[in-house]
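Undergrad: Counting the sequence shown from 1 gives a position; our numbering is that position plus 68.
Since the hints were made in silico from the structure, they are not lab data. For every residue, glycine included, the Cβ atom is placed at its ideal position computed from N, Cα and C. It cannot be assumed that every hint is accurate.
[To be verified] Distance windows between CB atoms, simulated:
#, residue 1, residue 2, range
1, F107, D244, 43 to 53 Å
2, F142, A307, 29 to 39 Å
3, P132, P269, 30 to 40 Å
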Amino acid sequence: MTQRIESVKDVPASVWRLFDEYVHGLITRREFVDGASKFVVGGLSGAALLEALQPRFAEAAQVPASDAHISAEFVEFPSAGYGKARAYRVKPKHPTTGLPLVLVVHENRGLNPHIEDIARRLALDGFIALAPDALFPLGGYPGDEDKARELFTHLDQTKTRADFVSAARALLNSPDGNGQLGVVGFCWGGGITNSLATTLPELRAAVPFYGMAPELSQVPKIKAKLLLHFAENDERINASWPPYQAALDQAKVSYEAFTYAGTQHGFNNDTTPRYDKAAAKLAWERTLALFHKELPSPVTHGHH
């Protein structure tokens with residue numbers, strides 16, 4: 069049985085910094101293990117610590133794929149990037165038409181079970197959720213987070229961004245949709261969300277969770293309402309916020325930004341020890357409130 073880290077508070081800040089560098093490909097596994105071994109956490113070695121920080125997908129799923137209120141399928145659609153793209157599409161069983169649309173953009177690991185679960189949560193709340201897999205051109209999410217991160221470095225980011233623009237357009241053209249589009253993204257996907265806001269004038273609401281700022285010269289093109297979620301302990305991402313905020317203010321873009329006290333980058337991901345239940349709940353409530361306001365639909369939402 070693998071040991072578990074029960075709480076973010078059990079891990080020193082310096083280890084979280086190392087882990088953040090590791091999951092974003094800035095240091096190798098070996099470098100993490102060597103660095104983390106200097107800080108004994110609950111008697112775990114560096115290697116055991118890394119194992120304890122890995123996600124637990126099955127235990128964390130909030131909405132089972134078999135939920136009777138939703139229908140889910142994998143769909144392929146033509147893309148301007150790699151030619152063909154694939155996504156997980158989930159919608160409520162009732163009503164069947166006129167539904168608001170949300171594009172879900174994963175972290176730097178492709179379409180893993182956690183992001184599929186996020187798409188199902190949105191469908192339960194009355195949205196059609198489309199969650200593309202950026203790794204599809206390389207064979208798709210490989211079922212292993214380390215392999216997924218490694219594969220991710222082989223993507224052509226320009227083509228990948230084009231895939232997400234194509235996904236947004238495919239979703240906008242859904243016959244069962246109402247043409248009202250929002251996007252939510254996490255980590256790498258938060259950066260893509262910011263970027264899509266500058267690219268898609270049709271976008272009505274964009275919610276980046278701890279995402280990198282977009283090209284600042286493009287900020288005046290943003291038409292969507294922005295809701296930005298930040299973790300307090302996230303130096304890498306937070307450094308990009310003050311200039312982004314200044315650009316948003318100058319361009320008079322409508323936005324709200326929240327920083328969640330005591331949280332780590334990735335705090336919304338309930339499959340990992342960086343998860344902060346209270347912060348994730350509040351951020352998600354704010355996200356749904358924005359989507360319900362900006363993507364109006366006939367649905368009475370009630371499954372929680």
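Undergrad: Look at each hint and say if it fits the structure.
TA: Verification of the hints:
Range check, F107 to D244: about 51 Å between beta-carbon atoms, so the 43 to 53 Å window is met. At about 37 Å, the beta-carbon gap between F142 and A307 stays in the expected band of 29 to 39 Å. Between P132 and P269 the beta carbon distance is about 37 Å. The supplied range of 30 to 40 Å therefore holds.
Taken one by one, the earlier hints all hold for this structure without exception.
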